Amino acid sequence: MEQQWKQLAEGVELLVNRTDKFKTGLLSVTLTVPLRREDATAGALIPEVLYRGSKSYPDMERLSAATDGLYGASLGPAVRQRGESQCVSFLCSVIDDRYALDGGAVLEPAAALMGEVLLDPAVDQGVFRTDYVKSEGANLADRIRSRVNDKRSWSIFRLIQEMCGQEAYAVDKLGDAEEALSAAPEGLWADYQALLGRAKVTFYYGGSARPERVEETVRRAFAPLISGRRAPVECAVPAEPQGPVRTVTDELDVTQGKLAMGFRTGGVTMDSPDYPALLVCNALYGGSANSRLFLHVREKLSLCYYASSLIDKLKGLLVVSSGVEFGDFDRAQEAILAQLDELRAGRFTDDERNAAIRTVVNSLRGRLDSQGQMEDDCVTKLVYGVQPDDGGALIQSVERVTAEDIAQAAQRIQLDTVYRLTGKEGAAHG
Amino acid sequence: MVERNYPALRETIWHGVLPNGLNVYVDRRPEYGKQFAFFATRYGGMDLRFRGEDGEWVDTPQGVAHFLEHKMFDTQDGSALQRMAAQGVDPNAYTTPSMTGYFFEGVQGFEDNLRTLLSFVSQPWFTDESVAKEQGIIGQEIRMCEDDPGHEVYYQLMEAMYAKHPVRIRVAGTVESIAQITADTLYQCHRAFYRPGNMVLCAAGDVDPERVAAIAGEVLGQDRSAAAPASHGEGEPSRVVQRYAQRAMPVSMPLFELGFKGSPAPKGEGLRQRLVAELACDVLFSSSAPLYSRLYEQGLINGSFDSSYDELPGCACLIAGGESRDPRQVLDEVLKEAARLAREGIDPELWDRLKKAAYGSMVRRLNSLDDTCFELAQAHFDGEDYLSFPQVFQSIERSDGEALIRSWCTEDRAALSVIRPLD
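As you go down the protein sequences, you meet chains A and B in turn.
Per the working numbering, the first sequence starts with residue 1, numbered consecutively.
Per the working numbering, the second sequence starts with residue 431, numbered consecutively.
No lab work stands behind these hints, which were simulated from the structure alone.
Computed from a predicted structure; not experimentally measured.
Errors might be hidden in some of the hints.
To be verified - If we take Cβ atoms under 7 angstroms as the criterion, some of the chain A residues that face chain B in the derived model are:
(1) 22
(2) 24
(3) 57
(4) 64
(5) 95
(6) 255
(7) 275
(8) 289
(9) 358
(10) 365
(11) 367
Note that CB positions come from ideal geometry on N, CA and C, so glycine has one too.
With the sequences and hints as input, model every part of the structure.
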């Protein structure tokens with residue numbers, strides 16, 4: 001793989017990962033702004049409205065027909081939260097020219113279509129079409145409200161709302177349902193202009209095309225975006241909990257309880273020297289089938305149907321997520337914390353450490369076999385001003401993590417908030 | 431191992447049949463960092479009734495194939511899951527109505543991990559104690575599924591569509607049905623279906639095809655005996671059982687799936703029928719077809735709307751679903767559109783575009799080693815050559831799509847399943 005990074009203007013950059021191994025190329029454009037309660041709804045709604053129709057393809061049917069004609073180019077909007085930033089993207093995966101049945105180029109027309117969708121929308125009297133704003137506003141409100149349907153992710157979402165209530169991090173990247181419903185074309189158009197004008201812009205391409213060809217294509221398709229801008233991207237990382245541990249309980253009509261526990265990593269994030277140790281510590285704690293939570297809490301004690309941990313590498317959080325019987329909340333919580341204490345005390349074997357290291361290395365290397373994951377990793381780094389590389393340096397550091405490093409990482413991890421989702425009839429099911 | 435080239439896709443597949451009857455497929459991709467292996471048996475949630483060694487029919491509890499999948503990870507020396515996890519790979523498995531597949535991916539130690547995979551799947555080790563414990567774990571999993579509206583809306587649809595076919599039975603079973611499973615049940619089912627001749631091994635990535643075949647031969651031995659014949663019930667009518675089924679759950683908005691009951695593909699026509707049926711799905715439901723925009727603009731569907739073609743031995747159907755304020759209205763509109771297409775035919779431009787898009791999507795899918803192995807395994811069980819899809823596409827005509835819509839997408843073959851919000 002050959003990697004090339006280039007600044008196209010101040011606050012506008014392009015990263016190209018050139019590789020022949022995939023049958024497709026992936027092009028993305030990302031507009032990054034601070035995640036703020038007052039802007040989040042617009043940030044989430046704008047790409048959906050844009051995706052309804054552009055100047056030459058003014059409705060969904062014609063826009064889909066255009067992507068179908070490009071061998072089913074998979075073009076779509078994405079709104080991602082990265083740390084305390086809202087990243088508004090369009091991604092487009094197109095088959096490599098080598099597989100086009102008519103032998104023509106697919107990348108250029110796909111980029112042109114993407115550029116038109118982002119920069120030249122279907123308008124009515126100079127602003128977004130009212131029907132598009134209304135129906136996408138309603139859809140966004142539905143999406144926000146349907147978060148509750150998946151209880152596993154809902155319990156994590158609620159935990160974060162409670163734990164980071166005073167931080168921008170807890171702002172829902174999808175915004176607010178009521179605001180989405182009341183969005184109006186004029187206001188949203190102004191927000192759109194502001195987004196184009198102030199956001200940090202990140203272009204990414206992974207695939208077989210040469211970097212020069214990609215740059216030329218991007219410059220042509222997205223010309224109006226390639227202008228200097230000052231776009232500070234920040235994320236507050238409280239190293240420690242701001243007070244005693246809080247426990248929050250919600251009741252919903254469910255048959256299985258969910259227990260989510262939020263920890264601070266002691267300020268360790270993606271660019272900290274201690275990050276490799278945190279990765280290994282997380283794999284050992286709850287990030288694999290060989291982890292303490294899986295082996296002890298789920299398998300040995302049968303306290304949870306699932307119990308795993310994950311980290312947010314930008315915000316410095318570790319979250320344990322588990323499914324438990326209503327009667328087992330206290331026991332499960334104790335068992336989960338007891339395993340963290342074991343790691344803090346260094347009570348784990350070399351085999352466990354090696355397995356955790358292998359798990360992390362596997363996962364880091366494996367990500368290079370997925371175009372989508374490569375895009376996500378590179379964009380995440382670029383947004384926070386970390387230079388992407390081939391991942392080799394991180395893998396080497398991970399391989400050198402010692403037992404002491406892991407224990408220290410575990411000692412820095414501190415419980416902040418506990419969230420419990422229980423049934424309406426309390427412990428009756430338990 | 432014999433090489434087969436697919437120049438249009440720039441792929442080469444190595445295939446061989448071992449003396450013990452196991453089919454092995456390898457897609458060599460040296461440019462990938464990881465290796466993937468998928469070991470599957472033609473045995474799933476719908477294979478509840480089979481002929482035992484004494485020639486008598488054996489009936490097993492619902493959920494036994496899935497239960498067996500969970501328990502296969504136990505070995506005499508402990509858990510294979512942990513043994514592999516210690517190597518940094520995360521083996522996993524799933525059970526569909528017609529297949530149970532075990533797999534892992536990794537970037538190092540492929541041959542050792544492959545040995546472990548083949549050995550734990552082929553060597554059962556069950557105790558009454560471990561079965562009793564698993565009943566608790568799977569009971570939790572079943573309850574978690576029962577809380578999942580997406581899961582419930584699907585099975586409610588299958589129950590509405592099918593009178594006898596075991597596709598209507600939940601792959602994981604019920605808390606009551608799995609309570610009847612014993613270590614003996616598991617041994618009996620393993621003997622019946624986990625024989626090399628009833629299984630397939632697919633590997634992809636930076637692997638050596640000959641080594642894969644050699645290792646499989648070493649670990650699995652020479653047992654050539656055939657698998658037990660399974661019964662899936664006979665005489666499934668072409669009409670649906672019930673046109674409309676609904677229940678309430680805590681959802682924010684009604685969730686629905688509508689299905690058209692089709693006919694299973696004739697032998698050797700599986701891939702062709704799949705491509706035709708998926709194109710018919712696109713003609714009816716894709717966002718570049720007229721119906722989608724109309725429903726979307728009326729606020730009857732949203733971005734969650736999706737469709738698929740499902741096929742299993744003895745049954746085939748089209749399914750479309752998502753969230754809607756008025757699922758009955760969606761079904762009415764779909765039936766109207768199907769009738770129009772049956773009458774007026776499919777717009778030729780739309781058809782050509784959808785074909786191009788479908789081809790591109792299948793090419794894209796080959797990026798994934800997991801998906802490629804899964805497709806190779808499925809195609810093997812169906813007697814198909816998956817990577818011949820570019821040629822099959824060329825042989826498909828618009829009239830094939832029209833014929834399928836005309837015969838499948840009618841009122842008496844349609845059912846609607848709805849999960850509505852609690853009052």
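Subject >> Interface hint outcome for residue 275/A [beta carbon to chain B under 7 angstroms] >> reply: It is violated, given that the least Cβ distance between residue 275/A and chain B is near 19 angstroms, above 7 angstroms.
Original post:
Taking the closest Cβ pair, is residue 95/A under 7 angstroms from chain B?
Top reply: holds, 5 angstroms
Subject >> Hint check: 7 angstroms Cβ-Cβ cutoff, residue 365/A to chain B >> reply: holds, 4 angstroms
**OP:** Under 7 angstroms, Cβ to Cβ, is where residue 64/A needs to be relative to chain B, so tell me if that hint holds or is violated.
**Re:** Constraint on residue 64/A satisfied, holds at 3 angstroms.
**OP:** Please verify that hint: residue 289/A, Cβ, nearest Cβ of chain B, below 7 angstroms or not.
**Re:** holds, 4 angstroms
Subject >> Restraint check, 7 angstroms cut-off on beta carbons, for residue 367/A near chain B >> reply: violated, 9 angstroms
Original post:
Given residue 358/A as an interface hint, is the shortest Cβ-Cβ distance to chain B below 7 angstroms?
Top reply: Given a least distance of 2 angstroms, the restraint on residue 358/A holds.
Original post:
Going by Cβ atoms only, is residue 57/A closer than 7 angstroms to chain B?
Top reply: violated, 10 angstroms
**OP:** Under 7 angstroms, Cβ to Cβ, is where residue 255/A needs to be relative to chain B, so tell me if that hint holds or is violated.
**Re:** holds, 5 angstroms
Original post:
For the hint on residue 22/A, does the least C-beta distance to chain B fall short of 7 angstroms?
Top reply: Interface hint status for residue 22/A: holds (5 angstroms vs cutoff 7 angstroms).
Subject >> Hint check: 7 angstroms Cβ-Cβ cutoff, residue 24/A to chain B >> reply: Where the cut-off is 7 angstroms and the nearest Cβ of chain B is about 5 angstroms from residue 24/A, the hint holds.
This entry does not satisfy hints 3, 7, 11, going by the numbered hints stated previously.
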